[in-house]
Amino acid sequence: MKKNIIISGVGGQGILTIATVIGTAALSEGLELKQAEVHGMSQRGGDVQSHLRISSNPIASDLIPEGKADIIISIEPMESLRYVNMLHKKGGWLVTSMNPFNNIANYPPIEDVLNAIWKLPHYVTIDANRVAKDLGSIKAANIVVLGAASPFLDIKYESLEKAISSIFSKKGDDIVQLNLKALKAGKDYADERT
Amino acid sequence: MQKLLLLGDEAIAQGAIDAGISAVYAYPGTPSTEITEYIQVSKDASAKKIKSQWSANEKTAMETAIGMSYAGKKSLVCMKHVGLNVAADAFINSAITGANGGLVVLSADDPSMHSSQNEQDSRFYGKFALIPVMEPSNQQEAYDMTRYAFELSEKYGTPVLLRITTRLAHSRAGVKREAEVPQNKMKLSSDLQQFVLLPSIARKQYNMLLDKQELFEEDAMQSGFNKFFPAKDKSLGVIACGIAYNYLLENYEDGKIPFPVLKVSQYPVPRKMVEKLYEMVDEVLVLEDGYPIFEELLRGYLNKGKTIHGRMDGSIPRAGELNPNIVGKALGLEISEGFETPGVLAGRPPQLCQGCSHTDSFTALNEALEPYSRGRVLSDIGCYTLSALPPLEAINSCVDMGASITMAIGAADAGLFPVVAAIGDSTFTHSGMTGLLDAVNQKAPITVLLNDNATTGMTGGQNSSAFEKVDDIVRGVGVEEAHIRIIIPLRRNHEENVKVFQEELEYKGVSVIIARRECVQTLARRMKLKMMEKREAKA
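Protein sequences appear in the order of chains A and B. First residue of the first sequence: 28, per the working numbering; consecutive thereafter. First residue of the second sequence: 11, per the working numbering; consecutive thereafter.
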C-alpha cells in the first residue's frame, strides 16, 4: 500500500488538521508516514500545501515527485488547480471544496475554476461550506472535504473516525460529534457520485 | 519505546533534551523556530528545568551558550541561516576557544527562499570555523545526530554545527527515542585561559584546533553517518549530501541504486571515502541541497580531473531546493509528469492579516508621504515587510535585521529628506537599538516608525524581547521626549495619525513614532485560551 496525498488551501483554512487526521489514522494502521508542511511566511493568507505520504514500506523523499500524487485534497477550488502538475495522469483523484476563498484582487470567475477542474478525469467537487453549515458549523468544512476524499485513501473509515475522536476530544464531545457527522456527510456525497 | 511523530525540528529538540542539555538559546527564525518552541512546551524539558527563553538575537544566544559551555554544561543554540551571520563573530571564535560543556549550533537553511532573503549554505560556516558539521537526511537521523553532535563536541572539545534545510525542518515522520543522558554538573575547564582569546593564547588555541582537523575527519570515517554503498554500474558514482540522499533513493522504486553511492552526513568528508568512489567510477554526480560546496571542492579550481556533474555544469539548476524530479533528471531518468497547470490559476502571495495594525500604520504613512516623491521608506524584516506588495506598496527596502534605521541614516546623509525607517518591536531589540543610538548621536533627520505589536509576529507570535520596554529604550537612547509619539493604528484614528506623521516628517532630527496595537493573531489566541479556561473552570 502506498498513497501520495497533496492537501491544499489558503493559510489558516485548516489543511494541517486534515493531515493530522489522516496521519493519525495511518499510524493506527501501522503504516509508515512522511508529511511535509509549509510554515512561516506563506501561512499569512497565501497558498499553502502539505505533502502527505503513507505507505506499508519505508518512504524516502519528504516531497512527492511530480505526476505521482494519487489524490489532491483541497479546501479551496482554485488552490486545488495549483497542484494538478503533481497529480498522477492515470487514476489520480482531485477532491475539493467548491467554495472560493477570495482574498486577492484577480481571483478568476468561479465558473472558469470549476470548469478547469471538471475537465479532469477523476474529481469530486463539494459545496463543503453548505454541508458543514447544515450540520451546525462552517468550521467543519475541512472535515467534510476529508470525508469526500475518504473513499480514495485506502485507509479504513473507522480509523479516520477514531482519529477525529481523539484529535478533537480536547474541544468537547459536541465538536467531536460535529466532525464525525461532517466526515460522514462528505463520504456519502462522494459515494453517491462515484 | 513507541515512535513519536515529529517534525525534523522537533526531532532535534527531543534529541537535545535526551542528550542532556541544560538550556536552549535562540531567536525565532523560519525554519528553525519550532525547535525552541518544542522545548518550551515539553514536559520532559520542564521536569528537567531546561532553560528555554528566547534571546534578544542570535549573537546573544550564541554567546550565552558559550557561557554555559564555559561552565561545563551542555546547550543547544538555534537559528535560521541568516541568523548565523548575526552570530558569526561569537560562532567563529567559539571554534578557537573550543567547548568545555557540549556546544551544538543548529542552523536551518532555506534553499528556494521560502521565508528568507537569501539561500546561503551554513556548511560554508562550518568549514570557515574549522569545526565538524552534521547534516541529517531524515527525522530519525536528526534525532540521532543531535545526540551524537553533543558526544562529538565533548569528545574533542569543539562546538559542532548541525545543518538542516526547510524541507527536513518542517516535515514529519516517526522517530524512535534512545536512553536519556543526564545533564552535566557545573565544572569549569582545567585551563582557565581557554576562553581568553588574547593573541598569544589565541594562537595556541588556534593551533590546537588545526591539530584536531585530522581527528574530525577520522571521526567522520568511523561514526557510521557517512556510508558507502557499492554497486555494479561504474559509469557513474553519486555523492549525496544530507536530504539529497532521499531524492536519489526516491528515483529507484526498489531502492536499489545501480551506481556506487557515497551518502554524506558528517563533515569534513573523509578523503579516503571520496577517493575510493572517485577511483572506481567514470564520472561523478554530486547532489547537495544549497550551494555546490562539495562539488566545487571535488572539481577543484582547474577542473582537470574526471567529469563532475552537479549544479556547476547545469545538470542541476544552480539555485533553488532539490526535489525528486530534479535529481531524476540529473540521473538521466524518465520523469513522470502530471496534468498541465490551467491558465485560469492566479497567484496568491502571502499578505497581512485582516485587521492587522500594520495596514493602518502604513495607510496613514502613505497618505502623509503623498506630497513627496516616492522611495522614502527604508524597512526591515517582519510581517510588515509584506507592505512592500500591493495594495500598500509602502516600503522600499528589506535587507537584514535592523537595517531600516541605519540605512535611513545613510540615505539622509546623502540628502534624502524626509526619510522614514519602519521597524517592528522585536526587530528593534534584535538589532535596531544600536542604529537608533547612531541616529541620535548624529542628530540624523530621520523618522522612525516603530510598529509595536507586542510580539515576534512573522514566525508565529513568540514573546518579544521588546515587550513593554520600547518606550523606555527609545527614551534611554536619547530621542527627545517631544519627538516620541505614540499612536494607535486603527482606522478610526486615521486622520489623527496622518497628522502625527506629517508633523514628524518635517522635523529635522530623530523622531520615533510608536504605532502600538497587539498582533491580531496573538490577541485571538489569548482570547481563545481565556475562553477555554473559563469553560474548564465551569466544568
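Warning: the hint list may mix true and false statements.
[Stated by the list, open to error] Here are the computed lysine to aspartate or glutamate pairs in the EDC-like style, where the Cα-Cα straight-line distance is at most 16 Å: (1) 29/A with 263/B; (2) 146/A with 350/B; (3) 339/B with 93/A; (4) 197/A with 546/B; (5) 30/A with 59/A; (6) 30/A with 263/B; (7) 186/B with 138/A; (8) 198/A with 347/B; (9) 117/A with 347/B; (10) 198/A with 350/B; (11) 197/A with 350/B.
[As the list claims (entries may be wrong)] A short, non-exhaustive set of chain A residues, derived as facing chain B with CB atoms under 8 Å: (12) 50; (13) 54; (14) 64; (15) 71; (16) 73; (17) 87; (18) 118; (19) 131; (20) 134; (21) 137.
The set of hints was computed from the structure by calculation and includes no laboratory data. Bear in mind that the values here come from a model prediction, so they are computed numbers and not experimental data. For glycine and all other residues, C-beta sits at the position ideal for the given N, C-alpha and C.
Status of the hints after comparison with the structure:
1. 29/A with 263/B: Distance ~12 Å between residue 29/A and residue 263/B Cα, so the pair holds.
2. 146/A with 350/B: Holds: residue 146/A and residue 350/B sit about 11 Å apart, inside 16 Å.
3. 339/B with 93/A: With Cα atoms ~12 Å apart, residue 339/B and residue 93/A stay inside 16 Å; holds.
4. 197/A with 546/B: OK: residue 197/A and residue 546/B at ~11 Å, within 16 Å.
5. 30/A with 59/A: Judged against 16 Å, a Cα distance of about 11 Å means the pair holds.
6. 30/A with 263/B: Since the Cα atoms of residue 30/A and residue 263/B sit roughly 14 Å apart, the hinted pair holds (cutoff 16 Å).
7. 186/B with 138/A: Since the Cα atoms of residue 186/B and residue 138/A sit roughly 49 Å apart, the hinted pair is violated (cutoff 16 Å).
8. 198/A with 347/B: Judged against 16 Å, a Cα distance of about 42 Å means the pair is violated.
9. 117/A with 347/B: With a Cα-Cα distance of about 11 Å, the restraint between residue 117/A and residue 347/B holds, given a limit of 16 Å.
10. 198/A with 350/B: Between residue 198/A and residue 350/B the Cα gap is close to 41 Å, so the pair fails against 16 Å, i.e. violated.
11. 197/A with 350/B: violated, 42 Å
12. 50: Holds, because the Cβ-Cβ distance from residue 50/A to chain B comes to roughly 7 Å (cut-off 8 Å).
13. 54: holds, 7 Å
14. 64: Check passed: Cβ of residue 64/A comes within 5 Å of chain B, closer than 8 Å.
15. 71: Result: holds, 4 Å to nearest chain B Cβ.
16. 73: The hint holds - residue 73/A has a Cβ within 8 Å of chain B, the shortest such distance being about 4 Å.
17. 87: At 4 Å from the nearest chain B Cβ, residue 87/A passes the 8 Å test, so the hint holds.
18. 118: violated, 12 Å
19. 131: Where the cut-off is 8 Å and the nearest Cβ of chain B is about 6 Å from residue 131/A, the hint holds.
20. 134: Hint on residue 134/A: holds, closest Cβ of chain B at ~6 Å, below 8 Å.
21. 137: violated, 10 Å
Violated hints, in rising order: 7, 8, 10, 11, 18 and 21; the structure is consistent with all others.
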